Structure formats: structure tokens, C-alpha cells
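Residue numbers (the working numbering), protein chains in the order written: chain A, 1 to 459; chain D, 1 to 223.
I should point out that these hints are in silico values taken from the structure, not numbers from a laboratory. None of these values were measured; they are calculated from a predicted model. Check each hint, because a few of them may be wrong.
Estimated spans, in silico, between C-beta atoms of each pair [to be verified]:
1. A/P79 with D/S148: 49 to 57 Å
2. D/I72 with A/T348: 51 to 59 Å
3. D/V145 with A/V365: 27 to 35 Å
4. D/V145 with A/P79: 50 to 58 Å
5. A/K125 with D/K212: 25 to 33 Å
6. A/T348 with D/L157: 23 to 31 Å
7. A/L78 with D/E207: 49 to 57 Å
8. A/F385 with D/L70: 44 to 52 Å
9. D/E207 with A/M1: 39 to 47 Å
10. A/P358 with D/V145: 15 to 23 Å
11. A/M1 with D/E193: 26 to 34 Å
Backbone N, C-alpha and C define an ideal beta-carbon position, used for all residues, glycine too.
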Amino acid sequence: MITVGLLIVILLPSLLGTFVLTPFLMGLKINMFLRFSLGSGLGWGIISLWIFLLGAFGLPMNLAAINLPLILIALFLLPFQRRGVSRAGQPRLSSFKTKNISFSDISLASILFCCVVYSLISNLKFVPISSWDGISTIAFKAKFFFYEGTFSFNKDLPHASYPLLVPLVMMWEALNYGQWHEYLTKFVFFNYFLNTLLLVYGFLLHLLDKRWALMGTTLMCFANYFILHSYIVYRDLPLAFYTCSAILLILLWKMNQKDSLLVIAGIFSGLGAFTKLEGMGYCFIEIVLILYLSGIQFNMLKKPGIFKSIGFNILRFLLPVMIILGSYFIFKMAFHVPFGEGGKTEMTIAFDLFLRVPVVAGAFVKNLFGTIYWNWNWYLLAACFLFSFNRLRQMERNLLTAIYLFFLADAALFLLTPNYRYLLVENFDVLLPRLILHFFPLAPILTTLMLNRIFVKER
Amino acid sequence: MKKLFSSLPDIISLAAIVLFLCLFVMARCFLFRLSSLTGGVTVSSGFFNNINPYLNIYSLFALALAAGFLLIVLIKTFQNKRFFYDIKIYRRLVLSGIVLGAFMIGLLQVIMQLNYFIYARRTQPYRSLQGIVDNIGYVQRKYPVCKSFAFETDLSLDIDPGMFLHRLWKYFLFPKVIKNVSEADCIIFLQKECYSCDCPASFQIAEKLSAKDAVAVRKDLTQ
């Protein structure tokens, strides 16, 4: 039963998501790694939303009610797959191309392989669900839903306002295994880890070549905190995947001018907001990025029809976000679940607002450069930036803007909400590194692009 | 020099391989030294005793790098005076320094990563957590008559570690629930100095898990 369940857990989200994604990517030259990564993430999201709908309408949340309609949808979409995949070559930023598999490719790939195997073994064998948030909220809710088969008591569970994507997919995994398994139910975290690796690799492969893509992905794997989150039960890695997917899709939309990419970015952003409360804040960052890329960036506001075009772009992005978030808000109202979390989400203009600025800035610097969490990723990014800040390519500038926006948003979170107290406690890395993790995958991508420009263009 | 920079991925991969080969030996030696220096601290966050001990090493490395550059510039200028005025060479020297520095930082931090993976798992926090998880599983298997539990401890449940332990037991015991002593079938005594003194008359100590931990079962369920 467990083996069959594990097979369903591995295959159904990936196939369903990839099949649903294909019509949106019709005619686009997207490599299979990026396609699979986005598809798998979308698949997990669709499953969680489907369970959410069943539960919200009081329908039975059993295996047949969940899996059968999804399998039918996947089978229905199967014949459309061949038509949607474009096999043409893709334009790249770098003219430098590797022809054969070299020693460095194999070595970089073997490092990645070691990290993936390590994460898999830790997930399935070594580390039980024992993280604070896991036992008190995430896995506890999932276990509760699994045994009770209803959402009716959600308002009485700890942190009722927290979004439900991760508990719901953990519950779905347990349903497939036929039991609550303390190790196997964590498979979803390994899946998001793998998806994030493939996302970064696929995106870099879209722009550069195989060797640089491998290098960027390896850079990301050197970050301890990223690996740690691949086997402990926190919602930060799934949120990082959805947030970075949305950002990268927006950047791809800018590159390809394909409007359907904005719709998928909106879906991913909505799924991010359904993963963690911070995801809602990140929707605003993505809107600002779209505004920046739509016209403000090129000083094109005088161009006729530009406002209409910007409006449509925002609408394309916002519609899926509003559908996902709107349904969740209606659910919260119907089930008497609070919208925010007391002592965490309310805005306050503190009397010491300006005194907080150096503390927040210092905490960021200490976390980025003084901890063992990120390895040398931020050092390398800072060094690359110092050497090329006036010669950035368009894609690098856009990525850098996104990273700036995330830093600003996280700083605002500490300046304007009671979360500032987390910076004052002795062990101040309770919240900040988790916030940085949400956009961390963008850093190795940007670093690789910059390194590529610095070193390869000199040839 | 130009050739060296153009094959950056090869340099990185070569260094990465050397790094991975050295790690298992180095990590243990280094950690032994580090723990003896700091008095045996636990790795549970990004810091050792709230500081990153490698900042000093980074500074030393940066100083050594700067000294190395000066030396190279002096020697090269001595050989060819035009070298001193070639700004491109300085840029490349600094870039190569960054790459070297990055690898140094990478090496040190990957050792920490391995420490977390290998060393910390056998000490804190995973070993103790695994012990608690094993205890909970043991209690559940051995006492299936217990449909509900009470939780008794000398620790405060408002702060860690009491709060964390309470939630850990609550999570792993579910769907069996934690209730008051008067309504429960069994009592979990955790970190209790004298659990036999606090055991109600209607319960009897069934299992001693450690000097301060025990399980008590209601007498009518044991008969």
C-alpha cells in the first residue's frame, strides 16, 4: 500500500501540473527541467486547492474523492501534450556554449547528486517530524485533518489563520499511504527542494549553458539553511519555490512578451499566499515588479496606450491571485477563522521607528554575512555587484530589482509590525533567515549571470 | 591569467572536488579543535555562542590576500615597470582574490554544514529528539489501553523546553489526546523530580523511562 501510495505521490502532482501547464506555455521555448519543475509545483498546489474546496463545502475528503477527478483531468489533458511542447532552440545571453560533457560538468553534477541523496535519506529515514512549527502547527494540523476528515475544528487548532497548503498536501500523502507515516509524509519537502533545484537549473539553462546552470545550482546547494529546510517541517521552502517561480515567470514574460506567463505567475503567487501569510505580502512585490517592467523602467509612460497595457498586465497577474485568495478569505469568514495572527500581522507605527532602522540593517548584514547559513553566496553576489554595478545586463538588473524589493519588504515587516521583537531576542535568527530563504534562490541565479558576464565575455 | 579566468567553472569544480575529498577528515579534526576552544558548544543555530567564529578567519584571510597582492605587484613592477600602470591587471588580481576568498569561505562553511549533518545529529538536537520520539513510540506500543494521557512535569509549559516537550508528546500521541489527570487513562511524568510522590492513588507507576521520566497507568486498566 505504501509503495503504491508513494508512486501516486511522486507521479500524480508532477504529471497533473505539467499537463495543466502545457497550454500556458504553448509556443514557448522552455526546457524540460523548467517545465517539469513548474509543473510539479503547480500539481501540488492544484491538489491542495482541490482538497481545500472539498473540505470547505463539507464534502468527503477521502482518497477516491480527491484522486479520481484529478486523474480524470490529467487523462483528459494528455492528448494535448505533444502539441504544446516546442522543440526549437532558445536564445541565450551567453555565446559561450559547451559541446560535450566535461570533467567539471560531472563533478558539479555529482555534488548536486550528493545533496539530493542526503536530503532524500534525511527525509525518509533519519529525521522525524520534530521541528517546532512542524509538531505544533503544520504536521499537527495535517494529522488532525487526516484522522478527523474535516475542517470543522480548524478554528480551534493552533494558529488557525495560517494558510493550509502544506498541511493539506501532507494529509493527502498520508491518505495515499493509508496511514500517518512520520517520515514519508515529509516527502513533499524533498519534492519542493528538488523542484527548486530544477527551477534554478532550468532558468539558468534557458539563459546560459549547461555548465553555468550546474554551477549556479551548486552554489545554491552550498547554503546550509536551504538544505536544512529540505527535510525539516517548515513552510518556508515551499513558499520560496512559489515566490521565486512567480518572479522568474515575470522575468520570462518580460523576455518573451507572452501574456500567459503572467497568468501562471499569478497562480504561483496565489499558491505562495496559500502557503504562508508572508506570501500575501510577496504578491505586492510581484505587482511592483510587473509595474516596473511594464513601462516605468524604460521611461515609456508617454507612449500611447501604455496605461491600458499596464492595467491588463496587472489584471492578468491579479486574477488568479484574487481567485485563490478570495476563496480562502470566504472560507475564513465562513469557518470563523481570523484573517491575521495576533501579535504578528497587525501594523503599528512604533515611536521608535527610526531607532529600529540600524537594528534591522545590522540584523540583515549579520545574517547574510555573519552566519553559517548561506555559505559564501551573499559574499560572492556582493563582490560580483561591486565589479559590475554599472554594466549590468537587463536580466541582471531585473533580478536585482526583485531582490531589492524583497529586502525592502522584509525590512518593512520588522519596522512596521510587532515582529521586530524577534530581532531583539538573544538568538535573533528565529525569523530573519526564514524570510531571506523565501527569495534566496534568486541570489545564486544572479551571481551566476554576473560571473558569466565577467568571465566569459572576456574571451 | 586570461586563460585561467575563462575556465572558471573548471576551477570551481576542481576546487569543489578537492573540498569534498578533504571534508570528512577535516571536519572532525576542525570541530574537535573548535569545541575544545569554545568549551563544547551545541550547534542549534547559525552561530556559536551568538557569534560566527569564522569572522576572524575571514579577516586574516583578507589581510593575507592583500599582502599577497602587494607582493605580486612589487615583484611584477620590478620585472616590468609598465605593469604598475596597467589597471586591467589590478582588476584581474582583485577578481582572482575574490574567487580564492569565496572558496576559502565556502570551504569553512561547508565544514560547518557537514558538522550540522554528521556531528550534530549524534549530539544535539537530533539525538535527544530521536530519544524522545522513540520513548513516545514505545509508550504507545506497550500501553494500548491508554486512550488518553495526562502530562505532569516540573518544567514550565509557558517556555521552552517544557513548552516544546509538551507539544512533542501531544503531536506524537495524537489521535490519543492529552487531558486532565482526573479524566486520563495514563500519566506521563516528564522531568519530574519525585514522580512517585505525585502519582495519584488511583494510578500505579508502570514504567520508568529514566530517573525523572515515567509512565503511570490507572489501576483499573492494569487489572
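Against the structure, the hints come out as follows:
1. A/P79 with D/S148: 49 to 57 Å: Distance hint for A/P79, D/S148 holds at roughly 54 Å.
2. D/I72 with A/T348: 51 to 59 Å: Holds: the Cβ-Cβ distance is about 55 Å, inside 51 to 59 Å.
3. D/V145 with A/V365: 27 to 35 Å: violated, 57 Å
4. D/V145 with A/P79: 50 to 58 Å: Check passed, 57 Å falls within 50 to 58 Å.
5. A/K125 with D/K212: 25 to 33 Å: Given range 25 to 33 Å: holds, Cβ gap about 30 Å.
6. A/T348 with D/L157: 23 to 31 Å: holds, 29 Å
7. A/L78 with D/E207: 49 to 57 Å: 56 Å Cβ-Cβ, so the 49 to 57 Å window holds.
8. A/F385 with D/L70: 44 to 52 Å: violated, 25 Å
9. D/E207 with A/M1: 39 to 47 Å: Given a distance of about 32 Å, which is not inside 39 to 47 Å, the answer is violated.
10. A/P358 with D/V145: 15 to 23 Å: Once the Cβ atoms are compared, 60 Å apart, the range 15 to 23 Å for D/V145 and A/P358 is violated.
11. A/M1 with D/E193: 26 to 34 Å: violated, 45 Å
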